[in-house]
Amino acid sequence: MKYKPVIGLEVHIELKTKSKMFCGCSANYFGQKPNTHTCPVCLGLPGALPVPNKTAIDWCIMIGLALNCDIANFSKFDRKNYFYPDLPKGYQISQYDQPFCLKGFVELSDGKKIGITRVHMEEDTGKLIHQDENSLIDFNRSGVPLVEIVTEPDFENAKEVIEYLKKLQQIIRYLNVSDADMEKGNMRLEPNISLKIEGIEELPNYKVEVKNINSFRFVEKAIEYEIKRQTEILCKEQIPAQETRGWDEDKQKTVPQRTKEEANDYRYFPEPDIPPLIFTQNKIQELKSQMPEMPGQTFKRFKTNYNLNEYYIEILTKEKLTVNYFDESVAVGKEHNVSPNQIANLLVNKNINVNSTLPADLIKNILNSTKITEIEEPELKKIISRVLKENKKAVKDYKSGKETAIMFLLGQVMKTSRLKLNASKIKELLKKMLQ
Amino acid sequence: MNLNQLTIKDAKEGLKAKKFSSIELTKACIEQIKKYNKDLSAFITITEKEALESAKKADELISNKQDLPFLGIPVALKDLFSTKGIKTTAASNVLKDYVPEYDATVVRKLKDAGAVIVGKTNLDAWAHGSSGENSDFGPTKNPWNKEYVPGGSSSGSAVSVASDMCIASTGTDTGGSIRLPASFNNVVGLKPTYGRVSRYGIIAMASSLDSIGHFTKTVEDSALFFNVTAGKDIMDATTLPDLTEDFTKNLDNGIKGLKIGIPKEFVSGLDEDVEITFKQSYKILENLGAQIVDIKLPYTEYGIAAYYIIQPSEVSSNLARYDGIRYGNKRSTFGDEAKRRIMLGTFTLSSGYYDAYYKKAMSIRTLIKKDFDDTFQKIDALFSPVCSTPPWKLGEKISDPLKMYLSDALTVTANIAGIPSLSVPAGFSSNDLPIGIQIMGKQLSENILFRIGNAFEKYTNFYKQKPKL
Chain A
1 MKYKPVIGLE
11 VHIELKTKSK
21 MFCGCSANYF
31 GQKPNTHTCP
41 VCLGLPGALP
51 VPNKTAIDWC
61 IMIGLALNCD
71 IANFSKFDRK
81 NYFYPDLPKG
91 YQISQYDQPF
101 CLKGFVELSD
111 GKKIGITRVH
121 MEEDTGKLIH
131 QDENSLIDFN
141 RSGVPLVEIV
151 TEPDFENAKE
161 VIEYLKKLQQ
171 IIRYLNVSDA
181 DMEKGNMRLE
191 PNISLKIEGI
201 EELPNYKVEV
211 KNINSFRFVE
221 KAIEYEIKRQ
231 TEILCKEQIP
241 AQETRGWDED
251 KQKTVPQRTK
261 EEANDYRYFP
271 EPDIPPLIFT
281 QNKIQELKSQ
291 MPEMPGQTFK
301 RFKTNYNLNE
311 YYIEILTKEK
321 LTVNYFDESV
331 AVGKEHNVSP
341 NQIANLLVNK
351 NINVNSTLPA
361 DLIKNILNST
371 KITEIEEPEL
381 KKIISRVLKE
391 NKKAVKDYKS
401 GKETAIMFLL
411 GQVMKTSRLK
421 LNASKIKELL
431 KKMLQ
Chain B
1001 MNLNQLTIKD
1011 AKEGLKAKKF
1021 SSIELTKACI
1031 EQIKKYNKDL
1041 SAFITITEKE
1051 ALESAKKADE
1061 LISNKQDLPF
1071 LGIPVALKDL
1081 FSTKGIKTTA
1091 ASNVLKDYVP
1101 EYDATVVRKL
1111 KDAGAVIVGK
1121 TNLDAWAHGS
1131 SGENSDFGPT
1141 KNPWNKEYVP
1151 GGSSSGSAVS
1161 VASDMCIAST
1171 GTDTGGSIRL
1181 PASFNNVVGL
1191 KPTYGRVSRY
1201 GIIAMASSLD
1211 SIGHFTKTVE
1221 DSALFFNVTA
1231 GKDIMDATTL
1241 PDLTEDFTKN
1251 LDNGIKGLKI
1261 GIPKEFVSGL
1271 DEDVEITFKQ
1281 SYKILENLGA
1291 QIVDIKLPYT
1301 EYGIAAYYII
1311 QPSEVSSNLA
1321 RYDGIRYGNK
1331 RSTFGDEAKR
1341 RIMLGTFTLS
1351 SGYYDAYYKK
1361 AMSIRTLIKK
1371 DFDDTFQKID
1381 ALFSPVCSTP
1391 PWKLGEKISD
1401 PLKMYLSDAL
1411 TVTANIAGIP
1421 SLSVPAGFSS
1431 NDLPIGIQIM
1441 GKQLSENILF
1451 RIGNAFEKYT
1461 NFYKQKPKL
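Chains as they are written, first to last, in our numbering: chain A, 1 to 435; chain B, 1001 to 1469.
If you're looking for bench data, these hints aren't it; they were derived computationally from the structure. All C-beta atoms, glycine included, are put in the ideal place defined by N, C-alpha and C. Just so you know, nobody snuck in bad clues.
Calculated pairs, SDA-like style, for lysine to any residue (alpha carbon to alpha carbon, straight line, at most 25 Å):
{"#": "1", "chain 1": "B", "residue 1": "Lys-1359", "chain 2": "A", "residue 2": "Tyr-96"}
{"#": "2", "chain 1": "B", "residue 1": "Lys-1096", "chain 2": "A", "residue 2": "Cys-39"}
{"#": "3", "chain 1": "B", "residue 1": "Lys-1109", "chain 2": "B", "residue 2": "Asn-1064"}
{"#": "4", "chain 1": "A", "residue 1": "Lys-350", "chain 2": "A", "residue 2": "Tyr-311"}
{"#": "5", "chain 1": "A", "residue 1": "Lys-381", "chain 2": "A", "residue 2": "Lys-427"}
{"#": "6", "chain 1": "B", "residue 1": "Lys-1232", "chain 2": "A", "residue 2": "Val-51"}
{"#": "7", "chain 1": "B", "residue 1": "Lys-1084", "chain 2": "A", "residue 2": "Gly-90"}
{"#": "8", "chain 1": "B", "residue 1": "Lys-1087", "chain 2": "B", "residue 2": "Glu-1053"}
{"#": "9", "chain 1": "A", "residue 1": "Lys-16", "chain 2": "B", "residue 2": "Ile-1234"}
{"#": "10", "chain 1": "B", "residue 1": "Lys-1146", "chain 2": "B", "residue 2": "Pro-1401"}
For the chain A half of the interface with chain B, some residues (derived, Cβ under 7 Å), not all of them:
{"#": "11", "residue": "Pro-40"}
{"#": "12", "residue": "Gly-44"}
{"#": "13", "residue": "Pro-46"}
{"#": "14", "residue": "Gly-47"}
{"#": "15", "residue": "Leu-49"}
{"#": "16", "residue": "Arg-79"}
{"#": "17", "residue": "Asn-81"}
{"#": "18", "residue": "Pro-85"}
{"#": "19", "residue": "Lys-89"}
{"#": "20", "residue": "Gly-90"}
{"#": "21", "residue": "Tyr-91"}
{"#": "22", "residue": "Pro-272"}
{"#": "23", "residue": "Asp-273"}
{"#": "24", "residue": "Ile-274"}
Some chain B residues well away from chain A (every beta-carbon gap over 10 Å; in silico):
{"#": "25", "residue": "Ser-1063"}
{"#": "26", "residue": "Leu-1243"}
{"#": "27", "residue": "Asp-1252"}
{"#": "28", "residue": "Asn-1329"}
{"#": "29", "residue": "Lys-1330"}
Throw the hints in and build the complete structure from the sequences for me.
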């Protein structure tokens, strides 16, 4: 029997808003002294109430729009009730049955569309730090805005997952709503993997979730490992256990974390402390108009407007910063008859630091490096004679039939003249004078 | 008359005219507390030192000709209101040592208005109860007869005003917790429109039902208090937009021509004393020129059922934070009533039961709301008893939770619909225990309730009767 992987993804993105999701505390917790970014609200003190962060909601909706989602006219927050020491209220404010964004997609390079089930807003938890025999809690992260993006089980292999993740990361960074830095934990991935018999529509009756993955490379390895592991189990005519596993980089394998036989009952109900939210078409249009150009659009524009090759475009559109830089440089270049292709050439092939080089300087460099100095023939002949005298071996080599030696001599002429000269003209003269 | 017996209005005038100082007024209250708190258990914490300090400050401001709405007025706070640096226990052993690091918005507003906080009052733990007996620090007693319950859950706040231990006090009303004790103690209690007073910093019972109100000796005082506490709060997303108004403005406009409805469902099966008192009461309104009409609110009978699903559901979630990790006490320190509600609420929110219970209760909520909305198209206010019986004896219902729950039957629907209701003294039972009536109105109609209450009070003057302590 042949099996086909069925893979879905849950991605959490921590937004880089100034303040937390439901209070005024700074959301920038990375590297801060524990429990210094806290207040009654994010500590869940008795009587404290959440007030939603409007910017975070706007950004969540922008993510939804960028992922081609429908935006709900009516939405609300819900309480997800569960016990964990890093959750000071005993519930997480999240969204259950009416998330902000529904039904979107991301198109992969081969045209395949990965369905986005939902994009919703929630709050991050505190952080447990285990020290010797003690467990300590740092609430700096408690209440930091978190966006959860859930896909349909549309992926069939790790390659598709990686492409989707890179695209998603690129979109988030274009929107400038999060650094989407895996190492800092502001982008977190949870693939769920199962296998079905090829040719059968029905989804498998089990699902393995893998957590604690902090790089794209590990997600690839984890998926590949799981496919292999589950295939082996299925080939023995057994069914893999429904469970949550973690990626162990040392052992290069996934290891069981907890079995999910009993599904957690989160007892969701509408968050009574936050009134429902209404999004009018005007509001959604307003948010759309605030959004920057998305990677897909930039790609198309670079192709039609600048006529660049796809390889260049891919590199130039990886980051919004480069895109902006390129656009500016093209504008400056236009005044000096420097083509977009020349600029792209330089940016892709030379290691240009776009942070320290002004577009105007970049264009100047291009102009300087391409300017061909006209030089009088007698003057040039003088230089050539000198070069020929100084490089007797090369002259001898050439005369004995080693034609490539002429290129060496040409280089020497350029070097001696310290000018950018017309190479074919020198070559012609060199040939003449070597006869 | 002793200073502590004064109303807010009279105390303010006396302070302004320098007939007495805030220190003297505050001392009179503190002395009264010290004298009777042992018998009545109205206070959990007495903040004598802090009170005298703020009274001194108030006197300084008064002598500098400063004027603030509550300058120098002694006020007590239900022990659900977070007070910075002062223990806030919710009358539960779980929080017996908890000292908040911040003030509730209402507390801050009262302080900003110059109020002197004399202490934190007793209650049914977490505001769970109708009798005041569920406190982990001992039951509050009714000052009119110490063998009787004072009503709950804001038991200590009502008793502290009734027994002149303070000039006014705060309370919370989730299903009747202000109106019931107000009516059992011959004081005025306001349950405002949901969202008109900030809940920020007040330990939550059931968030979608909790209304923040107060106890006063007169209706006019209630309006003065509301002037201080009402308004939008950026810390509470459920507060309503500001409508700046002076709630004392229309107090004396009379009630001639007002259409007041009596809901049939609220007046059946009343205790005889309550029935007599209620009949006399609406006759008085009629004499004052109001038009009394009979009204039907058919969904009232489902009120208690819906309330005892929505409320415990929210309670179970709101109490989850007391998980034994913080605040120093284990979950086993919760009292029986809290445990009961946590279990009920956890059950009704569980998957597979949610639709049958919580969702259905929310549909009933919508219907009850609609019932009221339709009714208030036709009339200006509703009039009914607060409770179908006068105060009952201590211990009478404590072993029968269902019986206890049913004592909220006439008050819960106002919470379910989010409408305001004012409880006003209406007389006494055959054994001299207070009986109260409530005036309900559409959302944001507190000014009409004050008008009716004031007219009724001016005519009856029941508030002038004091318990013999």
